[in-house]
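Protein sequence lines correspond, in order, to chains A and B. Residue numbers for the first sequence follow my numbering, beginning at 1378 and rising by one. Residue numbers for the second sequence follow my numbering, beginning at 1378 and rising by one.
Hints are not guaranteed to be accurate.
Intra- or inter-copy, both count: the list cannot distinguish identical chains.
Distance condition first, Cα-Cα at most 20 Å in a straight line; then the derived DMTMM-like pairs of lysine to aspartate or glutamate [to be verified]:
{"id": "1", "residue 1": "LYS1631", "residue 2": "ASP1393"}
{"id": "2", "residue 1": "LYS1631", "residue 2": "GLU1472"}
{"id": "3", "residue 1": "LYS1756", "residue 2": "GLU1720"}
{"id": "4", "residue 1": "LYS1722", "residue 2": "GLU1748"}
{"id": "5", "residue 1": "LYS1676", "residue 2": "GLU1509"}
{"id": "6", "residue 1": "LYS1756", "residue 2": "GLU1723"}
{"id": "7", "residue 1": "LYS1544", "residue 2": "ASP1429"}
{"id": "8", "residue 1": "LYS1587", "residue 2": "GLU1434"}
{"id": "9", "residue 1": "LYS1761", "residue 2": "ASP1500"}
{"id": "10", "residue 1": "LYS1587", "residue 2": "GLU1417"}
{"id": "11", "residue 1": "LYS1611", "residue 2": "GLU1417"}
{"id": "12", "residue 1": "LYS1543", "residue 2": "ASP1429"}
{"id": "13", "residue 1": "LYS1543", "residue 2": "GLU1747"}
{"id": "14", "residue 1": "LYS1676", "residue 2": "GLU1506"}
{"id": "15", "residue 1": "LYS1401", "residue 2": "GLU1509"}
{"id": "16", "residue 1": "LYS1470", "residue 2": "ASP1512"}
{"id": "17", "residue 1": "LYS1722", "residue 2": "ASP1445"}
{"id": "18", "residue 1": "LYS1673", "residue 2": "ASP1445"}
{"id": "19", "residue 1": "LYS1722", "residue 2": "GLU1751"}
{"id": "20", "residue 1": "LYS1722", "residue 2": "GLU1747"}
{"id": "21", "residue 1": "LYS1634", "residue 2": "GLU1400"}
{"id": "22", "residue 1": "LYS1781", "residue 2": "GLU1720"}
{"id": "23", "residue 1": "LYS1722", "residue 2": "GLU1497"}
{"id": "24", "residue 1": "LYS1785", "residue 2": "ASP1429"}
Hints listed in this document are in silico derivations from the structure and should not be mistaken for laboratory results.
Chain by chain, the residues:
2 protein chains.
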Amino acid sequence: MGWNRKGKRVRLLTVDSLQQAREKLRSAAERKKMELEFIELNQALGRILASDLVSPEPVPHFRRSTVDGYALRAADTQGVTESIPVFLEVIEKIEIGTPALRMVQPGQCTYVPTGGMIPEGADAVVMVEYSEAFDETSIAVYDSVSPGRNVVAIGEDIREQSLFLKKGSLIRPQEIGVLSSAGIHTVPVYKPWNITIISTGDELVSADRKPGPGQIRDINTYVLEAMSRKYGFKTIETQVLRDEKSLLEEAVKKGIKTSDLVVVSGGSSQGEKDHTAQVMDEIASPGVFTHGIALKPGKPTILAYDEQSETILTGLPGHPAAAMLVFELLIIWLYRAMTHQSEPKETLAQMESNVASAPGRTTCLLVSLEESAEGYTAKPILGKSGLMTTLSRSSGYTMIESGKEGLKQGETVRVVLL
Amino acid sequence: MGWNRKGKRVRLLTVDSLQQAREKLRSAAERKKMELEFIELNQALGRILASDLVSPEPVPHFRRSTVDGYALRAADTQGVTESIPVFLEVIEKIEIGTPALRMVQPGQCTYVPTGGMIPEGADAVVMVEYSEAFDETSIAVYDSVSPGRNVVAIGEDIREQSLFLKKGSLIRPQEIGVLSSAGIHTVPVYKPWNITIISTGDELVSADRKPGPGQIRDINTYVLEAMSRKYGFKTIETQVLRDEKSLLEEAVKKGIKTSDLVVVSGGSSQGEKDHTAQVMDEIASPGVFTHGIALKPGKPTILAYDEQSETILTGLPGHPAAAMLVFELLIIWLYRAMTHQSEPKETLAQMESNVASAPGRTTCLLVSLEESAEGYTAKPILGKSGLMTTLSRSSGYTMIESGKEGLKQGETVRVVLL
């Protein structure tokens, strides 16, 4: 570590491992506050729960039948078979949605529809198929049941005062169901990060223009905006800039005022016009803490932090495929950690062929998954890292640790779906 | 099959297998038109591509360098080593985004930055690290390269006139990247299905009310609306109805006018108030073709079709967890098939314990996935099918075919994530 005259850390040209970069990023953003907000239940899909939730009441709050049948005392059916029925008096017929009023005594029963309320005294339900009307007020029962049979107990779905959904849970349709059954119709969720997306490069033209010789269309803005949308961030601004330091300064200064995350792509190679790290170091304090990651693709990645505005700044590779992977491996990784989410489930697959690793670097290998008798075969997607179609042809990626020599044909790998 | 006096098929109380129900559903909806619409690229995330896309131009449309270095003729570097350099005249310095103007002849080279245009005549790039300035107009090169080295050829990412994205592709951020690089900024996607969601039951109160004895909160409307949102459908209307035939008739009649899909949940058990199949058969023509599926959970499922309005009608189980699974296994299955999507990737896991199957029925077994040395262990989530928390505690489900005796501890299963 070194410090320059202004008391800022001087950027040293050492390269971090992915693990080191993640640890530094985590520790830099440690004091960043994660805000929460309350939203309506029908808007909560895809959001991340920001508090543990304790149920204010049991679900169900009354004993329910899972079948159409007769609620009775299980003891009354002891020894009953198809040929030796028991005869019970029917004392009430419950309508769905209405309370059961009369207590079931020995020798009695009550008709209950599916979902209906089990009366006091009864402890089991015999399905209507195992009964027969005997006379106007009684039935014959041909089945022996044990206590609890065909009954959902009070709190069997959600116990009163139990922690039924944990902070960090992704709200899927099933969580919407659980929340609505517990009567929670405003939900505490993490406020999405605001993001400013800046793409730099003198070669960039907007996607609706035809590029001239040497020019290409801006892809990164679209890809990063889509990534942000996928993970629920709020894009505050996108800018495509010529590679001039003053323009970048202005954009980054604006970005840290409005955003939790300022993402600059392009301009982070070792080329002549590399302003990104310099600008981030000048504007943010403590500034850049990672410049270069031993990761393939993604070497020219820059990570910085500004304490006052609590803004994370990152310089991503100019290649869109690499930019997207680094965004996933670092920024989304951090967001998941800070919102207490679990890692996404991976898919296991067997390698179709040998793959060499990059010496001294962690490799993020794109693969497509193909059905096989045992499950899936992972077919490596080869092609230069600048090619966008390598990503659209892939199902996901698998990581090869830097110490590992490569992957062997038939070896089982874990694939993260993209 | 039978026909009643009005010339309608009479519903027979036979139960379909899941496979039969799917085939009937597919064939009933065979002539349903799938409409497409054009949307802006930055709105296309998560949508399904409705046409094969052919690239109007090659990407890149000029040869690009993947490194900062010198573009030259590979033949000039033959036999070159670290100790035996070749000296080349530097005839031009390309700026990023500008055309290369001068043709490289033998003995010459041109400086090209990463992403810059390779000049005519050159066929490879030597990284700047393997060169040294010799005098004002020439450099020493210390590396031997083969033709094509560090060069992205014209059309290497997307060939001109090639089919680069297939109909049915889910548009992920990487597809956004590919579309923007091909200059496509309006995208043909399937128009989402319109859906009407009807929940029936005298026991239902809305989620913001406290249910009385025998009453429960409406969960299905929330769960099904979230499922629709998850898969990009457009919810036209939700209705919670008391279990009266005339109310249901009115709602279904309205639904088939406005929607591709009318979903009724509740009222499809064998209970006394089962109007759903009757109403669907009266309103839709040809009407109900499946009433009951040999599926656990999901037995009381109803499927119907109305040819004139091209509407799919379904009666789902009243239990929200069962309703959600049946919606996934039938409606979403159909939607994927009709939009040419591939099946979602599954995760392989080893069963934690033995699980019995339901005789004569396909079982949809909920499991939670837990990390293990080999990958994942699938832990069966037990609990009555009416319990919503069985779904929120699960990572996904695995299917046990009806002929299969059950699952054995350690057996490998395929888990569809939910």
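Evaluated hints:
Taking CA atoms no more than 20 Å apart as the test, LYS1631 paired with ASP1393 passes in neither setting, with 29 Å inside one copy and 62 Å between copies. With identical chains, the CA atoms of LYS1631 and GLU1472 are never at most 20 Å apart, being 64 Å at best within one copy and 28 Å at best between copies. Taking the closest pair of Cα atoms, LYS1756 and GLU1720 come within 20 Å of each other only across two copies (18 Å); inside a single copy the shortest separation is 23 Å, beyond that limit. Taking the closest pair of Cα atoms, LYS1722 and GLU1748 come within 20 Å of each other both inside a single copy (18 Å) and across two copies (9 Å).
In this assembly of identical chains, the alpha carbons of LYS1676 and GLU1509 never lie at most 20 Å apart, being 77 Å within a copy and 24 Å across copies at closest. In this assembly of identical chains, the alpha carbons of LYS1756 and GLU1723 lie at most 20 Å apart whether taken from the same copy (16 Å) or from different copies (16 Å). For the homomeric pair LYS1544 and ASP1429, the shortest alpha-carbon distance inside one copy (4 Å) is at most 20 Å, but the shortest distance between copies (42 Å) is not. Taking CA atoms no more than 20 Å apart as the test, LYS1587 paired with GLU1434 passes between copies only; the shortest distance there is 10 Å, against 62 Å inside one copy.
When the C-alpha separation of LYS1761 and ASP1500 is checked against a cutoff of 20 Å, the pair qualifies only between copies, where the shortest distance is 16 Å, while the shortest distance within a copy is 68 Å. In this homomeric assembly, LYS1587 and GLU1417 come within 20 Å of each other (Cα to Cα) only across copies, at 17 Å, whereas the closest approach inside a single copy is 44 Å. In this assembly of identical chains, LYS1611 and GLU1417 lie within 20 Å of each other by CA distance both inside one copy and across copies; the values are 18 Å within and 18 Å between. Taking the shortest alpha-carbon separations for LYS1543 and ASP1429, only the intra-copy value of 4 Å comes in at or below 20 Å, while the best inter-copy value is 43 Å.
Taking CA atoms no more than 20 Å apart as the test, LYS1543 paired with GLU1747 passes between copies only; the shortest distance there is 17 Å, against 35 Å inside one copy. Proximity of LYS1676 to GLU1506 under the C-alpha cut-off of 20 Å is restricted to the inter-copy arrangement: shortest distance 16 Å between copies versus 69 Å within a copy. Taking the shortest alpha-carbon separations for LYS1401 and GLU1509, neither the intra-copy value of 73 Å nor the inter-copy value of 36 Å comes in at or below 20 Å. Taking the shortest Cα distances, LYS1470 and ASP1512 sit within 20 Å of each other inside one copy (15 Å), while across copies they are farther apart (103 Å).
Taking identical chains as interchangeable, the C-alpha atoms of LYS1722 and ASP1445 are never at most 20 Å apart, the minima being 40 Å within one chain and 38 Å between chains. Within a single copy, LYS1673 and ASP1445 get their C-alpha atoms only as close as 61 Å, which misses the 20 Å cut-off; across copies the closest is 17 Å, which meets it. When the C-alpha separation of LYS1722 and GLU1751 is checked against a cutoff of 20 Å, the pair qualifies both within a copy, at 19 Å, and between copies, at 14 Å. In this assembly of identical chains, LYS1722 and GLU1747 lie within 20 Å of each other by CA distance both inside one copy and across copies; the values are 18 Å within and 9 Å between.
In this homomeric assembly, LYS1634 and GLU1400 never come within 20 Å of each other (Cα to Cα): the closest approach is 25 Å inside a single copy and 57 Å across copies. For the homomeric pair LYS1781 and GLU1720, neither the shortest alpha-carbon distance inside one copy (23 Å) nor that between copies (33 Å) is at most 20 Å. In this assembly of identical chains, the alpha carbons of LYS1722 and GLU1497 never lie at most 20 Å apart, being 45 Å within a copy and 48 Å across copies at closest. When the C-alpha separation of LYS1785 and ASP1429 is checked against a cutoff of 20 Å, the pair qualifies neither within a copy, at 44 Å, nor between copies, at 35 Å.
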